[in-house]
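Protein chains in written order, with this note's numbering: chain A, 1 to 337; chain B, 338 to 639; chain C, 640 to 1128; chain D, 1129 to 1463.
It is worth saying that the hints were derived from the structure and are not from the lab. Please note that the accuracy of each hint is not assured.
Said to hold, decoys possible - Heads up, simulated DMTMM-like pairs for lysine to aspartate or glutamate below, C-alpha to C-alpha not over 20 Å straight-line:
#1 LYS1024(C) <-> GLU1222(D)
#2 LYS1338(D) <-> GLU656(C)
#3 LYS117(A) <-> GLU1220(D)
#4 LYS548(B) <-> GLU191(A)
#5 LYS564(B) <-> ASP420(B)
#6 LYS1283(D) <-> GLU431(B)
#7 LYS830(C) <-> GLU1121(C)
#8 LYS487(B) <-> ASP454(B)
#9 LYS117(A) <-> GLU656(C)
#10 LYS617(B) <-> ASP380(B)
#11 LYS1338(D) <-> GLU1121(C)
#12 LYS696(C) <-> GLU750(C)
#13 LYS1163(D) <-> ASP420(B)
#14 LYS700(C) <-> GLU656(C)
#15 LYS751(C) <-> GLU191(A)
#16 LYS1338(D) <-> GLU661(C)
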Amino acid sequence: MKKIWKSSQFALFFLLAAAILIFGVINPDILSAASLYSLARTCAVPAIFALAIMVVMILGELDMSFCVIGAFGSYATMYFLTSYGYMDVPLIVIFLMSIAVSVALQLVNWVLIDRMKMQSFIATLGMQTFLKGAVLAFIGSSYIYTLPTAAVGFGSTYLATAKYASGVESQLPAAILLTLAMYLALHIVLEHTCFGRKLYAIGGDADAAKRAGISVSHIRFSAFVIVGVICGIGGVVHNSLGRCSLPMPTDLVGQELNGIAAVVLGRGAAQQAKGTVIGTLLGVLLLQFISNNLIMIGVPSYYQDFVTGIIIFVGLISQSYQRKGRRGKLRKKEAQV
Amino acid sequence: EGYTIANTPKCIGISWWDRMQVGNERFTEATGNEVYQSGPTGDADVAVQISSIEDAIASGVDAITVIPSDPSAVETTLAKALDNDIVVISHEAEGLENTDYDLEAFVNEEYGAHMMDLLAEQMGSEGGYVIMMGTLTASSHQQWTEGAIKRQEEMYPDMYQVCDPVEGSSQEASYNAAKEVIAAYPEIGGFIGCDTNNPPGIAMAVEEAGKSGEIAVTGTCLVSQAKDYLNSGTIKTFTFWDPADAGEAMCALAVKVLDGETIEDGINLGVDGYEACTVKDNIIYGEAWVDVTTDNMGDYDF
Amino acid sequence: MYKSFYGAMALDGMNFEINEGEIRCLIGENGCGKSTMIKVISGFHPFDSGELYINDKLYKKITPAESIAEGVQVIYQDFSLFPNMTIAENIMMYATVAEGRTIVRWKKIREKAVEILQRVQFEIDPDTYVSKLNVAQKQMVAICRAIVQNARLLIMDEPTTALTNREVERLFEIVRRLQQEGVSVLFVSHKLDEISEICDSYTIMRNGKNVFQSEKGDGKMPREDMVRYMTGKKFTSETHVYVKRDSVPALKLNALTLDGAFEDISLSLYKGEVLGITGLLGCGRTELAETLFGLRQATGGNIDVSGKNTGVFRRVDDALKNNIAYVPEDRLTEGLYLEQSIADNVIARIVRNYAGKCGLLRMKALKKKQREVLSSMNVAGMVPKNPASSLSGGNQQKIVLMKWLASEPDILILNCPTVGVDVGAKSDIHKIIRDLAREKGVAVIVVSNDMYEIMQTCNRVLIMKEGRISKELDIRDTTMDELELLAAE
Amino acid sequence: MKKEKSFWSGADRDVMKMTVITVLIFVIMVSMNEKFLRASNLTSMCFQLPELGLYSLAMMMAMLSGGIDLSVVSTGNLAAISAALILHPAAENEVTGGVLFGCVILAVLASLAVGALFGFINGFVIANLNVPPMLATMASQTFIKGISIIVTQGKSVSGTPEQFVYFGSATLLGIPYTMWLLIVVFAVTAVLLYRTRFGFEVKMVGANPKTSHFTGMNIKRIYIKAYLYSGIVSAICGLAILMRTDTAKADYASTYVMQAILCSVLGATNPDGGTAKISCMVLSLLSLQFLSSGFNMMHLSSYFKEFTWGLLLIAVLSINFFTAYIRQKRGLHKA
Ligand SMILES: Nc1ncnc2c1ncn2[C@@H]1O[C@H](COP(=O)(O)OP(=O)(O)OP(=O)(O)O)[C@@H](O)[C@H]1O
Ligand SMILES: Nc1ncnc2c1ncn2[C@@H]1O[C@H](COP(=O)(O)OP(=O)(O)OP(=O)(O)O)[C@@H](O)[C@H]1O
Ligand SMILES: [Mg+2]
Ligand SMILES: [Mg+2]
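Please put together the full structure from these sequences, using the hints given.
Set out below in structure tokens:
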């Protein structure tokens, strides 16, 4: 019990549980499997992108460009494939192409941040603005309506179907497996490999990391490659999830802050690390759960922004209280000794 | 040397306005006048649109064709254009004061009512429905919504709104909102989507819910976006007007005004749907809405 | 060895060598290039020219990884710890990196960390995050990290700044044991007594050059000689002579208590007095100092200032109203704005006194004061518009002092005012403290574990133990050795 | 004189750099576009500058204190909406003279109060509850916009008295009133930053809150004041927009949040806190506007605007890097 209380994600976990409980009381349908599937479907993409920004934040940097990069990677791929008529390429090729583009762009970020020592927030903000404008000006600005068949197939593969009490169906998309696999993989990399610990070390103190014999530049390079890979995958998943989000260059732009919010929420109260996989997942779940279910509990649409804002506010404040409370407790404990 | 016309839509970089640019280009080719498009990218932010209009005025164009996100917000800026002897032609902006002529593809309330008619036809004039808007703050969508609700109250007493209009700013957002609406109000029988992004998003949510055929989906859309759902039958009909035609007609009208021609009832702008327009004060109504079904979808390949 | 930063020579023809099993000390004034020398050896800074031999192997350039592989371990002056990791992981980080494994073995890391913590008798939960530790604890972790590896050359850059005598003793024991195992040790410190206790031989630096190098077994070197080599000057030790001038104490504590830190502290401090407070790590003296400045709120007792009861200070403002100044322990994070200009640093405290009509600052007066403050102390090579980070440790501390003295305080509390400061600057600062008390009649409290410092500045000293005052002594009745004994008891 | 100046603003390499860049952009735009120098264009730019300028100043103050304020635009809109809700009935009932004047004063006060209120809430939450500024203001942005939508049902509120709107389009000495407003706010901010205790303290708190606390500054109050400034300037911006467009709307200028950040960091504001330079802010604002208007006048798509804005930001950072690099190479000791 004590361990759970001490665990850094406790407040967040508690908050999520509370939200689920309260929403569930208002509309029990929210607790059904169908609702869960629906949540999984909405979370799949934001969760992937949150992972990308999390890696950057572990390095102690910020990225305002990861969404544009992901969207662009996928758009460029789809644009190329459809305009040259390669509609039947296998799924893996689509992913690889998108990843290649995203990685290339993330490496530009790496050059700016690592080699040219720019403040990451500013550099990537410039990158975001630049890329968005450049894509529109030089590549194209229209939707692509017909995606390669493999992408469409991937997006409409479902693992399971469940029904709400009302008989309305809801499906669990296969893409969620990919998301989960990425979370698992990253969790292992970050917590159990030397490479992962080096990332945290650099985020903690880059100079100290260099003195420890870590080649900071190389590790950052690999990290940005990983971020590029995640962005590339995220873009394709976003576009193929049920033909719904058609590739478009300005797509996803503006979602950066939501990703950052999820990571920061997920850092938890006393967590000293700059981000953890589990925390990030919880953060994404909380944010998406709220925005996903407001209509379900009958909040009129005119009130939705207001309610969302208030809930996030309350969440943040309660976390800071947990942090304060813990500090008080510690003091008492030490006083007894 | 011809005229220079600035086309300043709500936003650029999405299909609808790209299509309008096609109309602009058609006009350029046909007449040799210059038309350029400028506006906010991605997000329909009036503030940026106003800046574009300001710059157009400053660069001394001959005419401005404007599709305001919010007519009242651009009034003062357009007044300045008129003061500078620039011809202003607006679109989707009934009630805008500072314009020479407002060209409407149709009467906004009637268009809303028309969408309601389409929906009622598919729902058998009974059951619950929801209207989805691009953003709750978009003026023309608000007018359509009002028109639609008024029509329902007058003509279809057995229909009712299950909840307030919802918002779907992108196709993804439309999908999410529709999915939730369906789960929360299982009795729902139909959707109207005002934005072109709405119907495909809604249709996808309907299909996933296994309610294809049971829940009617209609509204404003483009063939390219709705193609799959027309084929699968989830969307039986939708309606729209061709932005290219609207763009071209605006330019034609602007040139007529610049050349000092008289504008009177029955005027022909030389573009489909705007061949015999009704003129009421300074508003010119075309009859440019097009209902699309599987039968005629091949005619509109954009 | 040559090394320059933006054209400024930090190492200007430095020569030195260290043999197996030797404990060599490197001393020199602040900013003479000791840390730079070390960072060059450890591969953190590339050197411009010169030759580096490690184990008879010539390096024209060296990376940190190569250096570590050669068995060079460094305890950095700024510790170089990872605040976002636990103590255990910090201790084992170098080893983990050096081993070059793919998978982290958490269990082994913890085991080894616990083992080393026990070996140095440092009692702390190895799962605590380093960001939660105080300076002394961080220093201990840095020491643990260096000795957990099988180093062949252990470099310690001022490893004892925050430690108490008992811990220093323990460290020295370990160092001697390592020496017997054939490990060479390079020891950098400003505490000259410590040096003569532990070292076999000396290298003395001045302005990036070695000015003196003794051989192993040359024997101990008298303090005066060391100082002369380092600074080229001679210093004499002085003491503070206090003449009572007031009957009402400037500051009087009545049974002040802070739960969990200290209890029932009563003392009186008169104008012109310099009171020393010393004791072991964790005896509560930092807390006491912070409570007197309103950074913590006492849970019992009360404080009288100039005979008036002020209750307890609830916030810093209360202390400022009573014209109390506080020079904190950790100047880098608590005392200075490193990236702001020196000029701005020194007026940070007094700006509030220059708010005139409509909240506007009286610029003329403020600038005049600013110039006055800047010229009040002798800080070599200071350019007021440069950031504070451009100064060396001793000079930085002078800036912190200037900031506080600008407000002309009645009561000045200094917490370890000369940590990591060289003899020259140290004696400057000590003189400033004495002059303040003598000439301006300021009541001063010096919290320190440097007994030399206490002897140099104070007329009275309190020894704290487990949150209580265990002994009060007049400085004339005691000696440094006695103080050390009493404090360590 | 020279010495006096550097006393406060430190090395002014940033100002020099931005001056060169701004002049360069100006020259390029003038040479590529004969209409650029026309009075009409210059006035037109003056009409456009205040909105981004005021929001950027609001953003700058939050950044100077080491935070960020994502809620500037929604605060501005809510402030404008509250003013419009008071002014609209006034216009409907065609009040004149003293009553009208009273209404305008009331509207202005109401909107400033709204700005101050939400600025205070932001500051309070950030200072007292330890919530990261980015998250706190992101949440407040959402709920402030929510309030606007609830109040207006998403529609725009328009139709304010002519006498009020007059100031949005009229000019004084050839410069629009809203531009004068911007100039005044800039001047006041400059005084605030360089000549008041608050300005000094907010800079120091932004640079190092812990040291500030140990120096006896009341950091909570300083944070609150910084966000209060940010809220009030946002409200002023809302009023300027209301004057100019005669409309208030929940999502007006929502894309300006990112642009305000961009403008601030281009204007040498350190997002980590501790540095801000008013002169650089002016220059950065001008250069962005030159680029934007210049491209619009060349009838190039507005895509180019964003593209060059991003490029400009990266270019400025690159200049920093290369000058530092060259200096190190040359070995000039001049830090
Ligand atoms: N990264 C750097 N950039 C520029 N100058 C530096 C840098 N590091 C050190 N210096 C300068 O080099 C000189 C030597 O510094 P160093 O840290 O080696 O001194 P030190 O002898 O260790 O002093 P201390 O006793 O205060 O630790 C100083 O003048 C310092 O300002
Ligand atoms: N943040 C805190 N909250 C509550 N109690 C604390 C806190 N930090 C330290 N203490 C307690 O206060 C006492 C003194 O701690 P500390 O180690 O800071 O002593 P110190 O006198 O400053 O030693 P030194 O000056 O040698 O570092 C200890 O009992 C410790 O447990
Ligand atoms: Mg050093
Ligand atoms: Mg301590």
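Hint-by-hint comparison with the structure:
Between the alpha carbons of LYS1024(C) and GLU1222(D) the distance comes to roughly 59 Å, so the proposed pair goes past 20 Å and is violated. Restraint check for LYS1338(D) and GLU656(C): not satisfied, since their Cα atoms lie roughly 42 Å apart, outside the 20 Å limit. Between LYS117(A) and GLU1220(D) the alpha-carbon distance is near 58 Å, which puts this suggested pair outside the 20 Å criterion. Distance restraint check for LYS548(B) and GLU191(A): the Cα-Cα separation of roughly 45 Å exceeds the 20 Å cut-off, and the hinted pair is therefore not satisfied.
A hinted pair counts as satisfied when its Cα atoms are at most 20 Å apart, and LYS564(B) with ASP420(B) does not qualify at roughly 46 Å. Proposed proximity of LYS1283(D) and GLU431(B) is supported: the alpha carbons are some 15 Å apart, at most 20 Å. Pair hint LYS830(C) plus GLU1121(C) holds up; C-alpha atoms about 18 Å apart against a cutoff of 20 Å. Note on LYS487(B) and ASP454(B): the hinted pairing holds, with a Cα-Cα distance of about 11 Å set against a maximum of 20 Å.
Of the pairs offered as hints, the one joining LYS117(A) and GLU656(C) is violated, with about 36 Å between alpha carbons and a cut-off of 20 Å exceeded. Taking the CA atoms of LYS617(B) and ASP380(B), the gap is about 33 Å. The hint is violated against a cut of 20 Å. Note on LYS1338(D) and GLU1121(C): the hinted pairing is violated, with a Cα-Cα distance of about 37 Å set against a maximum of 20 Å. Distance hint between LYS696(C) and GLU750(C) is unfulfilled; the C-alpha atoms sit about 35 Å from each other, more than 20 Å.
About 19 Å separates the Cα atoms of LYS1163(D) and ASP420(B), which keeps this hinted pair within 20 Å; it holds. In summary, the hint linking LYS700(C) to GLU656(C) is supported, as the alpha carbons are separated by about 17 Å, within the 20 Å threshold. Proximity of LYS751(C) to GLU191(A) is assessed by CA-CA distance (about 19 Å); at most 20 Å being required, the pair is judged to hold. Simply put, LYS1338(D) and GLU661(C) have alpha-carbon atoms about 42 Å apart, too far for the 20 Å limit, and the pair is violated.
Violation of the numbered hints given earlier is confined to hints 1, 2, 3, 4, 5, 9, 10, 11, 12, 16; the remaining hints are satisfied by the structure.
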